[in-house]
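The task is simple: from the sequences and hints, build the whole structure.
Chain by chain, the residues run as shown.
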Amino acid sequence: NAGVMQNPRHLVRRRGQEARLRCSPMKGHSHVYWYRQLPEEGLKFMVYLQKENIIDESGMPKERFSAEFPKEGPSILRIQQVVRGDSAAYFCASSRTSGETQYFGPGTRLLVL
Amino acid sequence: QQPVQSPQAVILREGEDAVINCSSSKALYSVHWYRQKHGEAPVFLMILLKGGEQKGHDKISASFNEKKQQSSLYLTASQLSYSGTYFCGTYGQNFVFGPGTRLSVLP
Chain A
8 NAGVMQNPRH LVRRRGQEAR LRCSPMKGHS HVYWYRQLPE EGLKFMVYLQ
58 KENIIDESGM PKERFSAEFP KEGPSILRIQ QVVRGDSAAY FCASSRTSGE
108 TQYFGPGTRL LVL
Chain B
69 QQPVQSPQAV ILREGEDAVI NCSSSKALYS VHWYRQKHGE APVFLMILLK
119 GGEQKGHDKI SASFNEKKQQ SSLYLTASQL SYSGTYFCGT YGQNFVFGPG
169 TRLSVLP
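Chains A and B, in that order, are what the protein sequence lines are. Counting from 1, position 85 in the first sequence corresponds to residue 92 in this note's numbering; the numbering is continuous, with no gaps. Counting from 1, position 44 in the second sequence corresponds to residue 112 in this note's numbering; the numbering is continuous, with no gaps.
Keep in mind that the hints were calculated from the coordinates and are not lab data. Worth double-checking, as some hints may not be accurate.
Stated by the list, open to error - Partner residues aside, some chain A positions facing chain B, computed with beta carbon under 7 Å:
| hint | residue |
| --- | --- |
| 1 | A95 |
| 2 | F98 |
| 3 | T108 |
| 4 | Q109 |
| 5 | G114 |
| 6 | L118 |
The beta-carbon is built from N, C-alpha and C at its ideal position, and this holds for glycine as well.
Structure below.
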């Protein structure tokens, strides 16, 4: 049973470009969570999604960031016009239902030059 | 509002016990505990959903005091593999992680 998959594992972008981060949840999981972790800092909740719905996006910056979890395919975290401050590790986690164990993917390390 | 964790860091010898506390100024509906090793993804340890609930597996357990708006993680007879940063996450009005407690277990 494959775990949570994220790709790419590393992503380098220049300022102003777009970054697309993908997350495939574990089989049978319909809940996805995105977190951001700055170097040497803690985890920051960004957004919680179910299939085709955003449940809680209170941790997501209001501009340039968006997330989706379509009926088919992976969840996507999209960052438009990236800035140096967006450099971080982005983790997604999935669970079968709300409140159950969250399993984390390996993360995507984004570096903005 | 971010929950508060204490201590910020702790150093143990193998076999010693540790307690990590997590408290919030807001009402809590659930508390989640995670461990993260350097350069790796966080690993979910447990979730506590009800006030007064206690959970545990192996030698790691946790309690949740809803009235006091706090949770504690107990690590007994610590092993080298327990080293890492422990985060609590709380779901009050929204979901936030604490700043983390760095635990180092020495041989």
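Going through the hints against the structure:
{"no.": "1", "hint": "A95", "result": "14 Å, violated"}
{"no.": "2", "hint": "F98", "result": "6 Å, holds"}
{"no.": "3", "hint": "T108", "result": "5 Å, holds"}
{"no.": "4", "hint": "Q109", "result": "5 Å, holds"}
{"no.": "5", "hint": "G114", "result": "5 Å, holds"}
{"no.": "6", "hint": "L118", "result": "15 Å, violated"}
In the structure shown, a violation is registered for the earlier hints numbered 1 and 6, in ascending order.
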